[in-house]
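Peer 1: Let's have the full structure, built from the sequences with the hints guiding it.
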Amino acid sequence: MKATSKFLTGERVLIVYAIFFLLFLYIPVLFLPLFSFSGSQYMTFPITDWTLERYVTMWKKTKLLEALYASIKVGIFASVISTILGILVARAMTRYLFPLKRTVMGFILLPMVFPEIIMGVGLLIFVIFVGMQLSLITVTAGHILICLPFSTVILISRFEGFDRSLEEASLDLGENAWQTFRRITFPIVGSGILASLLLTFTISFDEFLIAFFLSGDDPTLPIYIYGQLRHVKNIPYMLSLGSIILLVSFVTISFAEWIRRRGMSSKKVYGLFE
Amino acid sequence: MAHIIENLLSRNDTTKAYSLLSPSLLLLIFVFAFPIFFLVAYSFWTQDYVYVDTTLTLENYKIVVNKASYHALIKRSLIISSLTTLVTVLLAYPMAYFVAFVVKDHKLLWLIALTIPFWTSYLLRVFAWKLILGYNGVINGSLSNLGLIDNPLSFLLYNPFAVFVTLAHAWSAFAILPIYVSLEKIDRSLLEAAADLGDSAFRRFWRITFPLSFPGVLAASMIIFIPTTGDFITPKLVGGSEGIMVANLIQVMFGKANNWPLGSSLAIITMTIVTLSVICFVVISRWLISRIK
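Top to bottom, those sequences are chains L and X. Using my numbering, the first residue of the first sequence is number 1, and each one after it goes up by one. Using my numbering, the first residue of the second sequence is number 1001, and each one after it goes up by one.
It is worth saying that the hints were derived from the structure and are not from the lab. Where hints are given, some of them may not hold.
What the hints assert, rightly or not - In silico negatives: residues of chain X with every beta carbon more than 12 Å from chain L:
no., residue
1, Ile1029
2, Phe1032
3, Tyr1049
4, Leu1058
5, Arg1076
6, Leu1083
7, Leu1086
8, Asp1150
9, Phe1161
10, Ala1173
11, Ile1284
Said to hold, decoys possible - In silico DSBU-like cross-links for lysine-lysine, where the CA-CA straight-line distance does not exceed 30 Å:
no., chain 1, residue 1, chain 2, residue 2
12, X, Lys1236, L, Lys61
13, L, Lys101, L, Lys233
14, L, Lys63, X, Lys1130
Computed from a predicted model, the values in this text were never measured in an experiment. We put the beta carbon where it would ideally sit given N, CA and C, even for glycine.
Peer 2: Spelled out as structure tokens, the structure:
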């Protein structure tokens, strides 16, 4: 009996710790939306004049809209291409045994742990050396590289639970390859594909360092924000813009993580880093 | 006969696999391997005003090796990132343990709550700390509004400590996931057996849970140590001149100073030191863990 109550004390301590940890994780970020409603130039308590003014006027900044549009474009291309590549890699990895399998996997995942500054300057050198112009295309290429490890890992954990005999049964029963894909393969791996699209879009949309070196004269949204942070008078607008970005990514990520993990066994509930 | 067919089949598998992999491998070669190759090449070239002299030379490496201010910067980067790694892993372990062993009903919810910061904008998370620690920021401004201080506390922002706090916050969620995965994999019957045989809770943890979760701790350490050593945005926004790190110097070489070859050799040296540190760390900690077992 004594042992049980002791164990429960330990659990209680851990629960308190977990709550504090979550607060530590979230509270600093919540200062952004909080002060975005403050009319004061300074981010201090107590907040006296509450206003929505920044949320209304920031849309008049054409540079902001251009950067937003650039980021959306880059994000769509980077997420679609890296997800398509990820599907092919996941298919190869889960279906076939082939020489150098582990090496190839390690190579594909390497950009995930590689210092971004080194990838950034390396790409800059290479792009200039072959005589290309810095543009949103070079940014997109860099973003596909850093998104690919993530789409691969997300999709492999989906494809692993895939029973191949379902496809074979469908083909045996006379369905053609396209029908089999549409009615068997896609419904099973579709949630993984959607999760991969959403998460890689978020990675690209928020990515700073690669874009910093490769964007040339077309800044993406993070580069625009970084430039604005130098002028104190622009910071309030970055608070409202940042809050919208945080809100949108919060909703997107929660949705993506939910569909990604739904229906997975608890052991595999976290597929990343396995 | 059988093994010939088997061979043929497996070759077929190999062809199929590599044709599926080929677009990704091409991408990696052009966007990753070639750039790194050119970075290495550049580090052996020299900048001659506007032109780059492509004669191979160790000149840049000599400059880096002989310049004390560069050493100090690399050393500071390594110290800050080691501290960040240590603290984040220590903070994350109990959290990962909690989700793996204590949470029963809403595991998915907890995991998602802990993963969201991982995917959200790094720039904005660092920006939040600039707001909190700044001269007119949340802490200083609020304290002086309340009449508790007359002058802003200047030790809060623009120093290595601010960089460390911001990094520790920004990366703590990253450490939880790999540790959680390794804890979740542990066979619970091992712990039950140890308990039945009379091992105390502490002994069970030290002899079973901790060694078995160690691969996760190792993965977490690397996931944090490697990128934080080369982190650019945190030292730039909250570090000031006291807290800048090696990535900021590399960026200056590719920007204002316009000395790409020197910047390249700095990047290569940093990468080499990081790789060697990681290898040392893995070897030493594996040895220590084998002693526990």
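Peer 1: For every hint, state whether the structure bears it out.
Peer 2: Hint check:
no.: 1; hint: Ile1029; result: violated, 10 Å
no.: 2; hint: Phe1032; result: violated, 6 Å
no.: 3; hint: Tyr1049; result: holds, 16 Å
no.: 4; hint: Leu1058; result: holds, 19 Å
no.: 5; hint: Arg1076; result: holds, 15 Å
no.: 6; hint: Leu1083; result: holds, 17 Å
no.: 7; hint: Leu1086; result: holds, 17 Å
no.: 8; hint: Asp1150; result: holds, 15 Å
no.: 9; hint: Phe1161; result: holds, 16 Å
no.: 10; hint: Ala1173; result: violated, 6 Å
no.: 11; hint: Ile1284; result: holds, 20 Å
no.: 12; hint: X:Lys1236 to L:Lys61; result: holds, 25 Å
no.: 13; hint: L:Lys101 to L:Lys233; result: violated, 54 Å
no.: 14; hint: L:Lys63 to X:Lys1130; result: holds, 24 Å
Hints 1, 2, 10, 13 from the list above are not met by this structure, while the remaining hints are.
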